[in-house]
Structure formats: C-alpha cells, structure tokens
Amino acid sequence: MIKFNQVHKRYPAGNHALKNVSFEIGKGEIVFLTGHSGAGKSTLLKLVAAIERPNLGTVLVNNQNIGVLKDRALPYLRRNLGIVFQDHKLLFDRSVFDNVMLPLQICGFDYRESQKRVRAALDKVGLLRREKANPITLSGGEQQRLCIARAIVNRPSILLADEPTGNLDAAYAQEIMAIFRSFHQVGATLLISTHDSSVLQDTSVRTLELREGELQTASPATTMSAKRT
Amino acid sequence: MRHALSQNIGALRRMFATPLAAFLNILVIGIALSLPTGMYVLLKNAEGLVAQLSSTPQVSLFLKMDARTGDIDELRSRLAQNPAVDHVEFVARDEALEQLKQSTGLADVIGGLSQNPLPDAFIVYPKPGDAKSLEALRGELAKLPRVEYAQLDSAWAYKLEALLRFGRVAVLILASLLSLALIAITFNTIRLQILTQRDEIEVSKLIGATNGFIRRPFLYFGATQGLLGGIMAWLIVSLSLLLLNYQLKPLSELYASQFVLQPLSLGDSLSLLLFSLYLGWLGAWLSVARYLSRIEPR
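For the record, the sequence lines run as chains A and B. For the first sequence, my numbering assigns the number 1 to the initial residue and increments by one for each residue that follows. For the second sequence, my numbering assigns the number 1 to the initial residue and increments by one for each residue that follows.
If you are wondering where the hints come from, they were derived from the structure by calculation, not from laboratory data. One or more hints might be untrue.
Claimed, not checked - One-sided and incomplete, this derived list gives chain A residues near chain B with beta-carbon spacing under 10 Å: (1) P75; (2) D93; (3) G126.
To be verified - Computed list of lysine to any residue pairs in SDA-like fashion (alpha-carbon distance at most 20 Å, straight line): (4) A/K46 / B/L292; (5) A/K116 / A/K46; (6) A/K132 / A/K70; (7) A/K3 / A/L60; (8) A/K70 / B/K64; (9) A/K89 / B/K64; (10) A/K46 / B/S293; (11) A/K89 / B/E202; (12) A/K89 / B/I72; (13) A/K46 / B/S204; (14) A/K89 / B/L195; (15) A/K89 / B/L292; (16) A/K70 / B/S204; (17) A/K89 / B/A150; (18) B/K64 / B/A150.
Please read all numbers here as calculations on a predicted model, not as lab measurements. Beta carbons: idealized from backbone N, C-alpha and C, even for Gly.
Let's have the full structure, built from the sequences with the hints guiding it.
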C-alpha cells in the first residue's frame with residue numbers, strides 16, 4: 001500500500017529531513033509513526049500525500065510513484081487518501097456540514113448520496129447535532145473530530161493522521177483512537193504520527209520511529225519504554 | 001450537477017457580497033471598453049458618410065457665363081480626346097438650378113432670384129489615379145478655353161479617407177491597450193479573491209481537487225465581471241449616442257440633412273459582449289494559473 005525505498009528529502013535551506021528511509025506498510029495495516037518533533041514525521045506524511053516529492057529514492061502509494069507522478073494525476077491519488085491535519089485546516093466560512101461535504105463536492109458525488117454520507121461521517125465522530133454550527137464554535141477535540149469526519153467521508157483506502165491527539169487530554173485521545181480503530185476494522189490502511197505516550201501504550205500496533213530523519217530499527221517495545229521515560 | 005451549480009452561485013454570491021467594489025470594477029471596465037467602442041462607432045458613421053457622398057473623384061468644370069453652344073460642343077470633343085478622362089457629363093445651367101432647388105431645401109432663396117446665377121458645367125469623371133495626377137488633370141482642364149474654373153470635387157474625400165485610416169489605427173491601438181487594462185483589472189480582482197480564499201484552495205487541493213475544479217468559480221467570476229463590464233460599455237456608448245443625436249438634430253436641420261449617428265449594430269453589440277466576457281475569463285485564468293503553479297509539490 002505504502003512503500004518507501006531509500007528515500008531522502010532535503011529542504012532548500014539545507015536541513016536533511018529524511019535520510020535513507022525504507023519501510024513498507026501492507027493493505028489494512030495500522031502503523032504508528034513516532035519520534036521527537038523535528039524528526040521528520042510530518043515530512044514523511046507529506047511525501048505519502050504527495051505534498052512534497054522525494055529528492056532521492058522512491059515513494060510508492062497505491063503502486064503509484066510519487067516522485068514521477070504528473071501534477072495532473074495528483075488529485076486522483078489524493079482522493080484515495082484521507083488526511084487528518086495537525087492544524088485541522090477547517091474552513092470557517094461554512095458550516096460543519098459543508099466542511100465535510102467538500103471532499104464529496106470535489107469528487108463530483110451525487111448530491112443526495114453526499115448528504116447521507118456526510119451525516120453518516122458526522123454521526124461516527126459524534127458531531128451530528130452540530131452540523132449547522134460554524135467550526136470556530138467547536139472545542140479543540142470537536143474540531144479534531146470534524147477533521148476526521150472530513151477525512152473519512154470519502155471512504156479512502158489510506159488514512160493519514162498527523163498528531164491527531166496533539167493537544168487533547170487522555171480521555172479525548174482515547175475517543176479519537178477508538179474512531180481510528182473502527183475505521184481500521186472496515187479494512188482501511190492507517191498511518192498515524194504521534195508522540196502521545198498514552199496512545200503508544202497500545203503495543204499491538206506496529207511503530208516506526210524516526211530520529212533526526214533516520215528510521216530506527218528498534219522493536220516497538222523498546223521504543224515505547226524510551227518514550228515513557 | 002448540484003455541486004457545480006452551488007459552486008458557481010457561490011462565486012456570484014461572493015461578487016455581490018461586496019456590491020460597491022463589484023460595481024466600481026464593472027464601471028471601470030465599462031468606461032475602458034466604451035472609449036474604443038465609442039470611437040469605433042463614430043468612425044463607422046464617418047465611413048458611412050463618406051461612402052454616401054461618393055468617393056469617386058470628379059472635376060467640375062464651370063464654363064464662362066457667355067459660353068455658347070458651339071463652344072460647349074468643341075469643349076466636349078476636346079475632353080473626350082483627353083486620355084486621362086473616362087467620361088463626361090454636361091449639366092446645363094437651368095438643370096443645375098433645378099437640382100439645387102430640390103437637393104438643398106434652398107428653394108425659397110432660389111425662387112427669389114431674378115435670374116439664374118449658375119453657369120453651364122461639365123462634370124468630368126477621370127480615369128482612376130492618385131491625388132497628384134488628379135490635381136494635374138484639374139490644372140490642365142482649368143486652362144481650356146471658355147473655362148472659368150475647374151474644381152476637384154473629391155480631393156477632400158481622399159483626405160478624409162486618409163484621416164479615417166489614421167482613425168482606424170488609433171482605435172485599434174486604443175482597443176488593444178484598454179483590453180490589456182481589462183485583463184489587468186480582472187487579474188488583480190481575482191488575485192485579491194484568491195488571497196481571501198487561500199485556505200479553501202489549499203484544503204481543496206490537499207483533498208484531491210483538480211486545478212479545473214479550483215479554477216472554475218474564478219473563471220465564472222471573471223467572465224461575469226467582464227460581461228457586465230461589456231454591458232456597461234454598451235450602455236455608456238448607446239446613451240452617449242442618444243445625447244449626441246439630440247444635439248445633432250438642430251445642426252443637421254440647418255444643413256437640410258437627415259444625418260443621425262447610427263447606434264451599434266446587433267453584430268457589433270454581440271461582439272463587444274463576447275469580447276469583454278472573453279477578456280474577463282482570460283484575466284481570471286491567468287491569475288489562477290499563476291497561483292496554482294506556485295502550490296504544486298516540489
């Protein structure tokens with residue numbers, strides 16, 4: 001589903017964001033991506049979403065090579081991805097409902113069918129009662145859930161989440177992880193970047209750790225104990 | 001379909017969310033377009049006038065008042081032998097007076113005359129040539145016996161035509177410059193719109209919007225603004241012509257003429273609207289293309 005092969009990413013300023021990163025995530029897998037801030041987690045996710053292109057190596061997403069994919073083909077790749085942004089990227093000039101409607105609008109979905117899907121997605125994240133509200137009136141946790149609803153409304157095969165539990169307390173974080181797990185259960189592939197120790201306690205989940213742009217080969221268990229100290 | 005519709009209505013709603021700014025833009029576009037359009041209309045009217053007044057040059061040869069029939073016949077045969085002359089037409093003095101009465105509305109004045117003040121005349125139609133050779137012919141004819149005066153009637157038509165050519169080039173330059181201005185106005189309006197909707201564009205791109213999807217509402221906006229500007233220009237030109245015709249009426253009555261400025265024809269009106277629509281669309285396209293090229297992944 002997602003395959004990195006000796007990927008390097010360097011920014012024009014000169015800092016090396018990713019160094020020789022190789023890994024593979026299979027269909028239907030759920031993977032945590034961890035590491036200190038600045039370790040390259042966001043860059044890695046941006047490469048998967050084709051927001052950035054690698055300088056060296058190949059990034060394959062759904063068997064498509066991000067490095068050589070034409071700009072014209074990018075939209076169709078991204079329609080198979082759901083992205084939960086760290087900063088949510090919600091639009092405050094429209095209602096909660098219309099925010100979730102946007103991906104379906106972009107794909108040109110039938111309007112009636114879209115309405116049903118939007119309500120289903122809002123129901124899943126527990127925001128159905130707030131559909132007419134402006135997202136600016138929502139709490140941080142609610143905004144995060146709205147962002148998730150927008151990411152899953154399109155039923156993408158891959159879901160990327162960048163620090164989805166970043167500023168939330170533990171109870172909220174568990175709630176959000178439960179939503180992700182339910183989405184995983186219906187067959188989606190998930191890549192979740194986090195440094196939230198309460199989330200990383202779940203040792204059944206494979207964890208990739210980045211340290212200064214390099215992927216660590218340590219086992220998930222040791223990563224976890226290092227995190228907790 | 002519903003989506004596309006709501007997207008486009010959204011574009012128009014945004015336009016009228018700031019009605020004053022939208023109106024000012026449309027007004028500026030209208031004025032910019034009305035200048036070359038107005039000049040074009042005046043030019044077309046002038047061209048019509050010139051065509052109406054016949055631009056085939058002719059030399060009027062007025063004979064001396066004491067010219068007799070014999071002199072006239074001799075002159076006629078000499079004119080026929082001149083290689084530069086195509087054909088001639090004789091206008092007897094009585095005939096000329098009659099024509100004058102009919103064509104100018106000066107019947108009252110002429111009726112009061114005790115005798116016919118007009119001489120006999122030949123109208124000489126020269127073979128085609130430039131203004132210089134015509135002038136030479138006129139000089140030659142003026143020296144013929146019994147000729148009082150030779151007048152090159154259509155020299156002014158040549159001059160006018162040269163003037164019209166000049167006018168056409170001027171209109172073309174003005175139209176090109178102001179078209180660029182229209183594109184620039186739209187470009188800038190759309191650029192400002194893009195700035196206020198940067199978040200929406202960015203998010204849309206990130207969740208799989210094609211460039212076409214992002215471009216569409218802006219193109220509709222630009223085209224609509226251009227079209228409304230074109231309609232504004234049409235109104236400005238049409239109202240100005242009405243006003244001018246109103247002022248022209250007493251003037252043309254003084255000359256006993258039926259001259260009125262013709263308004264824009266249906267075809268010209270449609271061209272104006274289509275052209276302004278296209279320029280608005282183009283300005284929007286350029287503006288969005290410039291922005292989109294900057295947010296592609298590197």
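Verification of the hints:
The beta carbon of A/P75 is positioned within 10 Å of a beta carbon in chain B (closest approach about 5 Å), and the interface hint is therefore held. Interface hint status for A/D93: upheld, as the beta-carbon distance to the closest one in chain B is roughly 7 Å, under 10 Å. Of the supplied interface hints, the one on A/G126 is violated, with its beta-carbon coming no nearer than about 22 Å to a beta-carbon of chain B, more than 10 Å. For the hint linking A/K46 to B/L292, the alpha-carbon distance of about 18 Å falls within 20 Å, and the restraint holds.
The hinted pair formed by A/K116 and A/K46 fails the criterion: a straight-line CA distance of about 30 Å is larger than 20 Å. A distance of roughly 38 Å separates the Cα atoms of A/K132 and A/K70; the hinted pair therefore is violated under the 20 Å criterion. For the suggested pair A/K3 and A/L60, the alpha carbons sit about 5 Å apart, so the restraint of at most 20 Å is met. Under the criterion of a C-alpha separation no larger than 20 Å, the hint pairing A/K70 with B/K64 is inconsistent with the structure, at around 89 Å.
Under the criterion of a C-alpha separation no larger than 20 Å, the hint pairing A/K89 with B/K64 is inconsistent with the structure, at around 97 Å. For the hint linking A/K46 to B/S293, the alpha-carbon distance of about 18 Å falls within 20 Å, and the restraint holds. Using a Cα cut-off of 20 Å, the hinted pair A/K89 and B/E202 holds, with the two alpha carbons roughly 9 Å apart. With a C-alpha separation of about 99 Å, the suggested pair A/K89 and B/I72 falls outside the 20 Å cut-off, and the hint is violated.
Between A/K46 and B/S204 the alpha-carbon distance is near 15 Å, which keeps this suggested pair within the 20 Å criterion. Proposed proximity of A/K89 and B/L195 is supported: the alpha carbons are some 16 Å apart, at most 20 Å. A threshold of 20 Å between alpha carbons decides the hint, and for A/K89 with B/L292 the separation of about 18 Å falls inside it, so the pair holds. Under the criterion of a C-alpha separation no larger than 20 Å, the hint pairing A/K70 with B/S204 is consistent with the structure, at around 18 Å.
Note on A/K89 and B/A150: the hinted pairing is violated, with a Cα-Cα distance of about 87 Å set against a maximum of 20 Å. Among the hinted pairs, B/K64 with B/A150 is consistent with the structure: their alpha-carbon atoms are about 11 Å apart, no more than 20 Å.
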